[in-house]
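Novice: As a plain string of letters, each chain reads:
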Amino acid sequence: MVARRKRLGQWRTWLHLLSLIVASSLCGQSQERPYFVTYSQDMEEPGNLEINFKGAQGSPKYANSFFSQTVEFEYGVKAWWTTEVYLDGQHTSSDSAIFTGWRWENRFRPLFGEHFINPVLYVEYENVNLADRSLLEVTGHDSISDFFLTNAQGRSETERSLELKLILGSNVRGWNISENFIAEKDLNESEPWEFGYAVGVSRPLRLAASAKPCVFCRENFALGAELYGGLGDLNGFGLKATSHYFGPTIGFNIPHGPTVSFSPNFGLNDNSVGKIYRFQVSYELQQIFSRTRSR
Amino acid sequence: MAASKKTTVSLGLSLCCGALIVLTGCGAGNAPQFKTDVDVTPAEDSIGERLFLDFRFAQYFATHMTGVNEPLAVGDPVVATVSTPGGRLPGPFAGQAINCRSCHFVTEFSGVAGAGNRTYSDFTTRSPIPLPMNSFTETPRNAMHMVGSLQGHPGATFLHFDGEFATPEDLVRATLTGRNFGWAPNQTQQAIAHIATIIRQDDGSSQLAQDRTNSLSYGTLFLGKDAKITPDLLIPAADRIDVQTATDEQILDLVAKCISTYMGDLLFQQDEFGRYIGSPYDVFLRINHLPTQPNAGETVPQYNQRLYQIVQGLSNPLYVDGTYGSFKYHAQPFQFGPTELAGLKIFLKAANGATDGAQHAGNCAACHPAPNFSDFLFHNTGVSQQEYDSANGVGAFVNLAIPSLADRNGNYDLYLPATANHPNASERFRREASSANPGYADLGLWNIYLNPDIPNPQPSLQLVVCAPGSDCSVDQGLGRTLAQFKTPTLRDLEDSQPYFHNGSTLTFRDVALFYINSSQLERLGMLRNAPPEFGGMSLSQDDIAALSAFLASLTEDYDDT
Numbered sequence: 001m002v003a004r005r006k007r008l009g010q011w012r013t014w015l016h017l018l019s020l021i022v023a024s025s026l027c028g029q030s031q032e033r034p035y036f037v038t039y040s041q042d043m044e045e046p047g048n049l050e051i052n053f054k055g056a057q058g059s060p061k062y063a064n065s066f067f068s069q070t071v072e073f074e075y076g077v078k079a080w081w082t083t084e085v086y087l088d089g090q091h092t093s094s095d096s097a098i099f100t101g102w103r104w105e106n107r108f109r110p111l112f113g114e115h116f117i118n119p120v121l122y123v124e125y126e127n128v129n130l131a132d133r134s135l136l137e138v139t140g141h142d143s144i145s146d147f148f149l150t151n152a153q154g155r156s157e158t159e160r161s162l163e164l165k166l167i168l169g170s171n172v173r174g175w176n177i178s179e180n181f182i183a184e185k186d187l188n189e190s191e192p193w194e195f196g197y198a199v200g201v202s203r204p205l206r207l208a209a210s211a212k213p214c215v216f217c218r219e220n221f222a223l224g225a226e227l228y229g230g231l232g233d234l235n236g237f238g239l240k241a242t243s244h245y246f247g248p249t250i251g252f253n254i255p256h257g258p259t260v261s262f263s264p265n266f267g268l269n270d271n272s273v274g275k276i277y278r279f280q281v282s283y284e285l286q287q288i289f290s291r292t293r294s295r
Numbered sequence: 001m002a003a004s005k006k007t008t009v010s011l012g013l014s015l016c017c018g019a020l021i022v023l024t025g026c027g028a029g030n031a032p033q034f035k036t037d038v039d040v041t042p043a044e045d046s047i048g049e050r051l052f053l054d055f056r057f058a059q060y061f062a063t064h065m066t067g068v069n070e071p072l073a074v075g076d077p078v079v080a081t082v083s084t085p086g087g088r089l090p091g092p093f094a095g096q097a098i099n100c101r102s103c104h105f106v107t108e109f110s111g112v113a114g115a116g117n118r119t120y121s122d123f124t125t126r127s128p129i130p131l132p133m134n135s136f137t138e139t140p141r142n143a144m145h146m147v148g149s150l151q152g153h154p155g156a157t158f159l160h161f162d163g164e165f166a167t168p169e170d171l172v173r174a175t176l177t178g179r180n181f182g183w184a185p186n187q188t189q190q191a192i193a194h195i196a197t198i199i200r201q202d203d204g205s206s207q208l209a210q211d212r213t214n215s216l217s218y219g220t221l222f223l224g225k226d227a228k229i230t231p232d233l234l235i236p237a238a239d240r241i242d243v244q245t246a247t248d249e250q251i252l253d254l255v256a257k258c259i260s261t262y263m264g265d266l267l268f269q270q271d272e273f274g275r276y277i278g279s280p281y282d283v284f285l286r287i288n289h290l291p292t293q294p295n296a297g298e299t300v301p302q303y304n305q306r307l308y309q310i311v312q313g314l315s316n317p318l319y320v321d322g323t324y325g326s327f328k329y330h331a332q333p334f335q336f337g338p339t340e341l342a343g344l345k346i347f348l349k350a351a352n353g354a355t356d357g358a359q360h361a362g363n364c365a366a367c368h369p370a371p372n373f374s375d376f377l378f379h380n381t382g383v384s385q386q387e388y389d390s391a392n393g394v395g396a397f398v399n400l401a402i403p404s405l406a407d408r409n410g411n412y413d414l415y416l417p418a419t420a421n422h423p424n425a426s427e428r429f430r431r432e433a434s435s436a437n438p439g440y441a442d443l444g445l446w447n448i449y450l451n452p453d454i455p456n457p458q459p460s461l462q463l464v465v466c467a468p469g470s471d472c473s474v475d476q477g478l479g480r481t482l483a484q485f486k487t488p489t490l491r492d493l494e495d496s497q498p499y500f501h502n503g504s505t506l507t508f509r510d511v512a513l514f515y516i517n518s519s520q521l522e523r524l525g526m527l528r529n530a531p532p533e534f535g536g537m538s539l540s541q542d543d544i545a546a547l548s549a550f551l552a553s554l555t556e557d558y559d560d561t
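Going down the list, the sequences are from chains A and B. According to the numbering used here, the first sequence holds residues 1 to 295 in order. According to the numbering used here, the second sequence holds residues 1 to 561 in order.
Hints were generated in silico from the structure; no laboratory data involved. As the structure is a prediction and not an experimental result, all values here were calculated from the model. Where is the CB? At the ideal position from N, CA and C, for every residue including glycine. Just to be clear, a hint being listed does not mean it is correct.
Straight line, CA to CA, 20 Å or less: simulated DMTMM-like cross-link-like pairs of lysine to aspartate or glutamate [claimed, not checked]:
id, chain 1, residue 1, chain 2, residue 2
1, A, K240, B, D321
2, B, K225, B, D242
3, B, K228, B, D239
4, A, K185, A, D146
5, B, K328, B, D559
6, A, K61, B, E298
Which bits of chain A does chain B cover? Going by a derived footprint, with three or more residues having C-beta under 8 Å, they are [unchecked claim]:
id, stretch
7, 57 to 66
8, 85 to 99
Take a look, some chain A residues computed to stay more than 12 Å from chain B by CB distance [what the hints assert, rightly or not]:
id, residue
9, F116
10, L205
11, K275
Isolated chain A (complex conformation) (with noise of 0.2 Å):
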């Protein structure tokens, strides 16, 4: 009977481990990847709504220091599409706060399963004015001298512009490698196509998850770098007068909670920001409207 009940015992626990193994796989594959710029080739479960808050502080050499919010709600419309919206806004101190425009993004993921190298084409309609300081990405021959703009003049101008990107994403012994390509394009005047490019990895601290629940264990942190810049334009492709930044990034998945990340960026070269620092705050909401159907 003690024997019965000891292997019952045993049994509960395998049990137990098992579905704590389940629940931190499917945590691990949700969880987000500590990224600024970079898109990985994870998509946004179906049904699922994501929000995000990003900011961004700088204080870029010989003009006022900013501080920049995004607001991104990411929904998995199927497993291979994903559509965001995000709404950008800014305060630049001795100026004033303003909002500066709306982005629609699409991501389709072509190739189901997990491949060495997975594909993810992105779409997005920009209608940013020039107020911006997001930098969500950073292509053509965006440089400092963008900041030197006040909000007023910056929001007198907006640009509406088309971005396309080729993502690529591999997941290799637990680390994340993610390149992205750009191409952008302003639809409001007769300017080049521009480029740039993101890549990024990461990785969590630790693979397999604690056989406790816990908060601050090493695989709810995930660790990364980020590099990404500008290429041209059309007009002349290359690094030359281009801005370039690399950061390391560190992420941390509250179980049962949002996900809030860090990154410090650095410019590379005399044309970038000096510092940028990053964090972002996301949650998602499970099942959103299948959640509103049920009430």
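Fit chain B to the supplied structure of chain A, relying on the hints for placement.
Specialist: What follows is chain B alone, placed relative to chain A:
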């Protein structure tokens, strides 16, 4: 479990609400609207250009015309030739009468040796006028270049060297009906009636009308109803008038508005945000990512001090050479190199307790601050004193008797400029100094400030002359306006020489030498009504080459396009 769900939903909603609050807060900002270049040229601009070039408003045309739309049998001799450093050249408006462009050229002499493009100025020290009047045969002063004179800036607008006009409309009205167009001070109403006649009877048959306004008459354009009026020539409904029923004054007002709109568009090359882009200096700032304008919340003087600190700290700047551009209208190379940078530093530097000229400090930015290179205010640099002393002996200007406010205004005809109210005024203090008439001098702003016949600029002038910290206890500060003249911009100076209000210098070297001498006079206490800005000036001959190079780096290819 239920509690967990509630927590989840409430967390999500909180985040969402927080985000919305942040963004709503963002929208509550109060960034000021910034005037930027408009892609569509206002109709009044195009019509204004035609009016600017129309010679029929001149008194000569009024007295010699055979019909409003008929050419003159014999043109006014005053426009037959134009005086340039290279000698007298055939006038571009020969056979006609005087128009605004007669003293404010642009590309009329493009490529002509000894002449060249102008930034809406002429080539002479003082411009000839159609008829001798009040013993004047020329304008009292050098024709100030018009490009950039209506550039947006903090503070009030003043026009002409002495601030006679507070608005461009005032200036246009006074010019078209005044001495420069051949009308005597007591002929103002006659001039207005003549202008109205020209506008009413114009039939659009002239070459000028054909080139600028598709052969449409002024009456048609001002009415704004004809189907042939293209959108770029359609005057806004609120401004339209029927010239057949409008009063003469209403017609003149619309003429003034059109020409003023045209004048307002005369700006040095700028991007869509109003940042200068045309000169090697502008390119130097851009390629080194240096600030080209004050930051939000920063004053112009603060910006200039910051710019000085920045250029002082530049360790390895990129210099501008021919790879960044070239001049189409100037023979010199398009460059901003180490010499120009040294000149910029001298230009921006303010001396500390200068007792001599050894500090390499021009303190030029005190009155010519970047990016406009003008504070659009008034200063006495000593030019009038130099002119007077040259004619009447060293030290003569310091001893020149100048009346008090009460004396001056009580004896208007004796001292102040001629106006419609005082057509016989002597204007003795708005004249070129002369040994034959030792009572003649040019006291600049002094003629205008608190002048009862010139009321419009007074409120703004009062704010400038009696700015906080100024001593206005005596004569409301009239003495402080003595020999003060409006600061011109230094952009593209090569296309507007000769320099100063009397055109007394032709080269940058001469200008720098003048300031070396004038600031020396100030240090010796021998400059009458010396400007406080000279306290920060400490220049010597060693600085001339660099300063000249820097001033040359502000050159651009201005051609009115």
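Novice: All hints are to be evaluated individually against the structure, with a verdict given for each.
Specialist: Okay, the hints, checked on the actual structure:
This hinted pair checks out: A/K240 and B/D321 have alpha carbons roughly 18 Å apart, not beyond 20 Å. Restraint check for B/K225 and B/D242: the C-alpha separation of about 10 Å stays at or below 20 Å, so the hint holds. Between B/K228 and B/D239 the alpha-carbon distance is near 18 Å, which keeps this suggested pair within the 20 Å criterion. About 18 Å separates the Cα atoms of A/K185 and A/D146, which keeps this hinted pair within 20 Å; it holds.
Pair hint B/K328 plus B/D559 holds up; C-alpha atoms about 10 Å apart against a cutoff of 20 Å. In summary, the hint linking A/K61 to B/E298 is supported, as the alpha carbons are separated by about 15 Å, within the 20 Å threshold. Requiring three or more residues with a Cβ within less than 8 Å of a Cβ of chain B, the coverage given for the stretch 57 to 66 of chain A holds, as 4 such residues are present. Residues of the stretch 85 to 99 of chain A with a Cβ under 8 Å from some Cβ of chain B number 12, which satisfies the need for three, so the listed coverage holds.
For A/F116, the requirement that its beta carbon stay farther than 12 Å from each beta carbon of chain B is met, with the minimum near 35 Å. Non-interface status of A/L205 relative to chain B is upheld: no Cβ of that chain comes within 12 Å, the nearest being about 24 Å off. Under the 12 Å C-beta cut-off, the non-interface status given to A/K275 relative to chain B holds; the minimum distance is some 15 Å.
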